[in-house]
Amino acid sequence: MVLKTPRISRQALPGQFLEIKVADSYEPFLRRPFGVHRVRGENLEILYEVVGKATEILAQKKAGEYLDVIGPLGNGFRLNITHSTLNILVAGGMGVAPLMFLAEKLAETKHQVLIGAKTKSQIFCEKEFQDLGSDVKISTDDGSQGFKGKVTDLLQKILPHAISHKPLAIYACGPRPMLQEISRISKKYNIPAQISLEEHMACGIGACLGCVVNTRAGYARVCKEGPVFDADKIVW
Amino acid sequence: MGMNPNVQVIIGRLKLKNPVLVASGTFGYAQEFTHFIDLKKLGAIVTKTITLHPRKGNPAPRTCETPAGMLNSIGLENPGLEVFIQEKLPFLKKIGVPIIISIASEEDPEEFIVLVKRLTKIKEASAIELNISCPNIGHKSLIAQDSKAAYNLIRAVRKVTTKTLITKLSPNVTDITEAALAAQNAGSDAISLINTLTGMSIDVETKKPRLSTITGGLSGPAIRPIAVRMVWEVYQKIKIPIIGMGGIIDTFSALEFFLAGATAIAIGSANFVQPRITIEIIAGLKKYLAENKIKDIRVLVGALKV
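Order-wise, the sequence lines are chains A and B. The first sequence: position 213 = 213 (our numbering), numbered continuously. To convert, count from 1 in the second sequence and add 236; that's our numbering.
Some hints here could point you the wrong way.
[Said to hold, decoys possible] Across the chosen pairs, the derived CB separations fall in these ranges:
1. A/Q130 to B/K376: 54 to 64 Å
2. B/K329 to A/H161: 30 to 40 Å
3. A/K233 to B/E346: 13 to 23 Å
[Stated by the list, open to error] To spell it out: a stretch of chain B is covered by chain A in this simulated footprint if at least three of its residues, at any positions, have a beta carbon under 8 Å from a beta carbon of chain A; those stretches are:
4. 308–316
5. 327–334
6. 365–377
7. 392–401
I should point out that these hints are in silico values taken from the structure, not numbers from a laboratory. Built from N, CA and C at the ideal position, the CB exists for glycine as well.
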């Protein structure tokens, strides 16, 4: 979905998100968070899958309608923190959404994009990443496309070769078990990893303390201190 | 035109320039809202509840959406009294509106006395709200569910402070007027009505509760009719002012509470959805009064026609 949001588009950084009120009614009552997928001038894109009431309503919006949007929110990915010579982006399912914006910012650098899903039909954005010049590798649980297995297995497979490009950096977004595995791999190979977490949010602006994740320094708010965290800070 | 209705109200020894507050726990310590509103315009700010010692709070998931509302089980996460005073209060006092400090005890109700004694010495603490009704700290029963215990506690607190005392009551009781009378008789200057209702939601696919603590507090428009009813019941029995809250999302839902007997209102979960809602409701109330040629908001308090 393309939103015309001049101010947000100007400020948004990869990994940041928007809080969208999809309807004026009480159903749903709360806003829903969506990662910034891409920015094109004044336009900002979000990418979502219809999984519930809110996304169902969103999917029925017509061109030209107004949406109530707050953003950009949260802390995004920090770029080139290690001046890494190779950046590896790892996406699980819809985790591609915020990583596209990141890949655009990293387009000038050497980077690889690993996309994993259960099956071929759930692989999104392969072509879009390739159009950016990304080196894209696919994994599917059922082997219907690319490497057969988890995307984290694919990561482990390419690491021995990639490691010659050290320093490396990993950026990941996807389901929690995948991110936990990314943390383990990051520690094992001593590669810094930034992961984008999801948690149920009520406000998205740091007020309700609802969306916490356990970190070495205690609970942190996914919406405010996150959604992007250094993988080694998270207590799983 | 040109009519400028009075919206000033008095709660205990507090003079509020307007009757719109924020409900404890829905506004953090106000910092998060600076990007959205001019905090100076609020009637008063009620802080997230402070305990004597820091509290980590409950594990995630702490919130989930429910029909026309939400459940929460934050577990009173807060930095504790001393860190609050050092790190949060300086920002709050600069705002220039009355600051109502919400406090709770964890194990021993005596903690209330320690908290109140300390806060009494702090000029910037305009008033104290006694949160004796948080459903999410693992206690089987709440002080607010035992009128005798509530009476004894408020009486003990009253003896150690001259600050305005507001008691926040729980709707999870058979007769809300009993608790309200106990609070009044013990010396509370006002009462806040209502805290969240205990609720529960289940993910049918996983057969798991949708909150880590299984049950939590229900808020939002879903609870508004219960809140309005309780304000009305209590209004008829007590003389001290009521701060009404529970599912207020716009000017008209705010007006319901005044008509039922609230002197002031607080916005809760709606802050999560529309961070500017407080300011919109303040303007909306003034507009309503002017349009209906009502000179003073106090005329509306308990003006329900029956």
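- Message: Check the structure against each numbered hint from earlier and tell me which ones fail, lowest number first.
- Response: Hints 2, 3, 5, 6, 7 not satisfied by this model.
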